[in-house]
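**Q** Each chain is listed here by its residues.
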Amino acid sequence: MNIQAHAVQGMDGYLPGDRLPSRWSPRSRDLAQALGFACLVLCVLISLFFLGFLIYFIASRGASVISWEFLTEAPRRAMTRGGIAPAIVGTFYLTAGAILFVMPLGLASAIYLCEYTPKSYLVNLIRLSINNLAGVPSVVFGLFGFAVFVKGFGFGVSILSGSLTLGIMALPGIISASQEAILAVPQSYREASLALGASHWQTIREIVLPSALPGILTGMILTIGRVAGETAPILFTAATFYTRGYPDSIFSEVMALPYHIYALMTEGTRPELQTPIAYGCSLILLCLVLAVSALAIVLRQRQRFSYGS
Amino acid sequence: MALEAKIRASDVHFYYGQTRALTGISMEIHERCVTALIGPSGCGKSTFIRLLNRMNDLVPNTRVEGRILLDGKDIYHPKTDVVELRRKVGMVFQKPNPFPKSIYENMAYGLLVGGVKDRGFIEHRVITALKKAALYDDVKDRLHDSALKLSGGQQQRLCIARCLVVEPEVILFDEPCASLDPISTRKIEELILELKKDYTIVIVTHNMQQAARVSDYTAFMYLGELVEYDRTDKIFTVPKERMTEEYLSGKFG
Chain D
0 MNIQAHAVQG MDGYLPGDRL PSRWSPRSRD LAQALGFACL VLCVLISLFF LGFLIYFIAS
60 RGASVISWEF LTEAPRRAMT RGGIAPAIVG TFYLTAGAIL FVMPLGLASA IYLCEYTPKS
120 YLVNLIRLSI NNLAGVPSVV FGLFGFAVFV KGFGFGVSIL SGSLTLGIMA LPGIISASQE
180 AILAVPQSYR EASLALGASH WQTIREIVLP SALPGILTGM ILTIGRVAGE TAPILFTAAT
240 FYTRGYPDSI FSEVMALPYH IYALMTEGTR PELQTPIAYG CSLILLCLVL AVSALAIVLR
300 QRQRFSYGS
Chain Y
0 MALEAKIRAS DVHFYYGQTR ALTGISMEIH ERCVTALIGP SGCGKSTFIR LLNRMNDLVP
60 NTRVEGRILL DGKDIYHPKT DVVELRRKVG MVFQKPNPFP KSIYENMAYG LLVGGVKDRG
120 FIEHRVITAL KKAALYDDVK DRLHDSALKL SGGQQQRLCI ARCLVVEPEV ILFDEPCASL
180 DPISTRKIEE LILELKKDYT IVIVTHNMQQ AARVSDYTAF MYLGELVEYD RTDKIFTVPK
240 ERMTEEYLSG KFG
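As you go down the protein sequences, you meet chains D and Y in turn.
Every letter in the first sequence is one number past the one before it in numbering that gives the first Met the number 0, and letter 149, counting from 1, is 148.
Every letter in the second sequence is one number past the one before it in numbering that gives the first Met the number 0, and letter 99, counting from 1, is 98.
Isolated chain Y (complex conformation) (with noise of 0.2 Å):
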């Protein structure tokens, strides 16, 4: 298993306005290998997986201390350019958000707004990541339909795959399958799974055995601050802290 710290956080704070929502969080994720972050509602792993792809800049009155980096560059320096972390470090939110227009023009978006043009680049793109996110039988005849007629399930592996054309190097899920079923839950994990070969992955999961099903490596966070990070294997079999133990044997959270 590869470990190469693909991002490094070092002492991270967060603030939306007075309040503190993280402190000093420092950890190394590592490529291609998936990290989840744990915890109650809360906690900060949101708002932390957030602050990886910048999207936390949308929300006015926010602050960030620390650093973090990707590839060994500050993402938050203040030359970083937003737009091309952003192709670079791609995310699947926790409600499918698919845009109301075709399931191709859904794939598309991502080439079209980075300036590609070539129909038959676009084209093979699509259907490439169609196929990885192991949705492309499920649509193949029906492209040009609406992306909203789509199931819940088949909606969050469309953003998926939208998300891989692009060809990020890091793919970002913020609770992917907290409004899907169980059996389209099982089909996301498969993809992460899938994925991880080729891409570094942070989910963040309410779900333990989800943790425990898909993760190599697993961040256990409460009020803020990181409790414990290690192998997911023995943060679920001999945690080094008691309140990880607790939460994991479900005392608290």
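Excised from the complex, chain D in its bound form (with noise of 0.2 Å):
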């Protein structure tokens, strides 16, 4: 056969012009298109909707109770009356600590994961610990606390061993987004500065870690965020049912959030009056942690701006 009739008949023996043989006809495979499209809308409709039905069956449920002495105020009359400004307090100080305690933690260990180690077995090791870690469920983190913290230690229940734990439930977290931070810095850059007679050190101080610095934050905003909606690690660690004040040194147990709307719905004796005051609380711990959220996304929309220059 030449070269000629081989073009012109085409090597499966159709002719140019010819319909490819196929399971579907034009208007079918059209029609499965649509199909197809219109699960995938689907699929992200019911998504969002559960998400919308959330946030409004919160929204109009701890509505009603949200009043400025709602958030300034401590509970009254067995939780029935009252506010939940020590609950709020509570949830910050173990905030903050939880970050003053991990944010230096994580970012070395990262650097150090990244900047210093060799590539080598025990290090892809360590990595998947770290990863596995983020797995563990935030109970077991709590019995941890317990068990080190409040009785190894002997920082009893209170602020001190709450952070502490919270900081460890959100060290993986922490360590992974700073790792993915440090490893995205170009290593053009490195390479200028030793070039430039930098030591290893001042080129991570001066040019990797303000490059990373962004998407560090971003990461450990987020991550810190989901932390601080956690009962489960601060149950046996930080929280108590009720103090009448606020705390009043690291030692002093707090009320916190999340652990106050589960003691709402599992204690007392009036849960007609305190349901309400549940949903309020989840409505401000809802809030919170959005605004948490929020702050990471404009951090790296700024970021990605920047880069863009």
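If you are wondering where the hints come from, they were derived from the structure by calculation, not from laboratory data.
Take the hints with a grain of salt, since some may be wrong.
[To be verified] Calculated lysine-lysine pairs in the DSS-like style (CA-CA distance at most 30 Å, straight line):
id, chain 1, residue 1, chain 2, residue 2
1, Y, Lys195, Y, Lys148
2, Y, Lys100, Y, Lys116
3, Y, Lys195, Y, Lys87
4, D, Lys118, Y, Lys94
5, D, Lys118, Y, Lys148
6, Y, Lys100, Y, Lys195
Using the hints, put the two chains back together into the complex; each one sits in its own frame.
**A** So this is what it looks like as structure tokens:
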């Protein structure tokens, strides 16, 4: 067969312009497309529906109890009156304590793992362990915190124990986020810095960290935001059912929003009065966590903006 | 033309893991001359130039054999201060790599990490270097703008200027024009010719015409070996090796 015949007839015996054999007619193909597309849209809508419904559900039931007093006063009359201010303050202290503890630790670990350790079997094992740590159930962290900080170190049920436990729970997330941000810094920056006679540490401090900082902060804030709403880690380590006033030292036990919700729903004698307060409490917690995530998103946007220049 | 050997490599072998990338390279790089390294991709010219300021130290699992002397001192001696070496041997990379900082901060970086604190001195050095790199007039009104706003060619001249600030003795150019347009390329070439009055220059290039235009000496490398090394005019007119001639005439590469 010569080449021309080949071209005209085609390799598969069809002439140019012939429709390729297909199980689908054009019409049924369009139908399949439309069906597939509809399925995807439906799935998205269902997810959005649950999210929207959750927010509506919490907001509609919780909004009625929210007032200035609710945010600024302590609970009264066995939690059936008054506000939740000590719980907001407690959650703030616990989260701030966790940040103070975990940010330096997580960042230093990430720097070490990315910049100083040669790629080896051991380092891969460490990375794997950190990732697995992220999958440990939160109540296990709670028990660990109880055994180690409350009993072992003798910190008692306190802000300190609770912050350390929350911090440890956030650690894997913070290390991974920082690692990602550090590894995303182009190698050419490091080479340029070293070639100008900067030491390894100067390169990390002056070039790598400033470039990675927005990414590190975003990851840290997201992780902290998630951890701040956890109940189980503070259940045995920091939270208490009721305090009259505000904590006066890091060794005080505190009220905290997630635990307060739990307490309102499971303890006490007037559920009909307690339940709306629990919804109000949930709404506040939800708003706080959303605000923190929003902050992370804003930071990330600004980061994109500054890289684009 | 001064014929002092600034850098003397003797029997240098280099390995990435088990793979040998350079085989027995011996050559002298002369002071205040431009030495060009040419050869097809993967022939080891970039690997070799990165040995001269120990940039390959960053690549894990590599090994150097043989000796490379800078002013008679072995740069791979265990007691060599790598930071000090890199101050003497500056480098300009294939892709312009200014830091995401202002032009001025980019320029001052080498002095700041070297511990210089005197602001007046830094400013003086920065301006001198920018003028030497023929960039001062382009950027004098926006020294505090982001360096990333400059064009590719300007960014590369900034990288050259940034390297001049620390007053190195040798400057390594690793395919400095690979990502630039012809006009920017010409400006960089003019700059290199200007700089060779004060500095010893080694340039890796893919572009044979560029080697012919800017260099005094040319080394032709192939598969990790130094095939021929001589004055550029001789290499390009009467090469001794058949392989050099075939490469230069475009028979392979």
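**Q** Give a verdict on every hint.
**A** Right, here's what the structure says about each hint:
1. For the hint pairing Lys195(Y) with Lys148(Y), the CA-to-CA distance comes to about 29 Å; that is within 30 Å, so the pair holds.
2. Pair hint Lys100(Y) plus Lys116(Y) holds up; C-alpha atoms about 19 Å apart against a cutoff of 30 Å.
3. About 15 Å separates the Cα atoms of Lys195(Y) and Lys87(Y), which keeps this hinted pair within 30 Å; it holds.
4. Distance check on the hinted pair: Lys118(D) and Lys94(Y) sit about 26 Å apart at the alpha-carbon level, within 30 Å; holds.
5. Note on Lys118(D) and Lys148(Y): the hinted pairing is violated, with a Cα-Cα distance of about 35 Å set against a maximum of 30 Å.
6. For the suggested pair Lys100(Y) and Lys195(Y), the alpha carbons sit about 29 Å apart, so the restraint of at most 30 Å is met.
Hint 5 alone, counting from the list given before, is not met by this structure.
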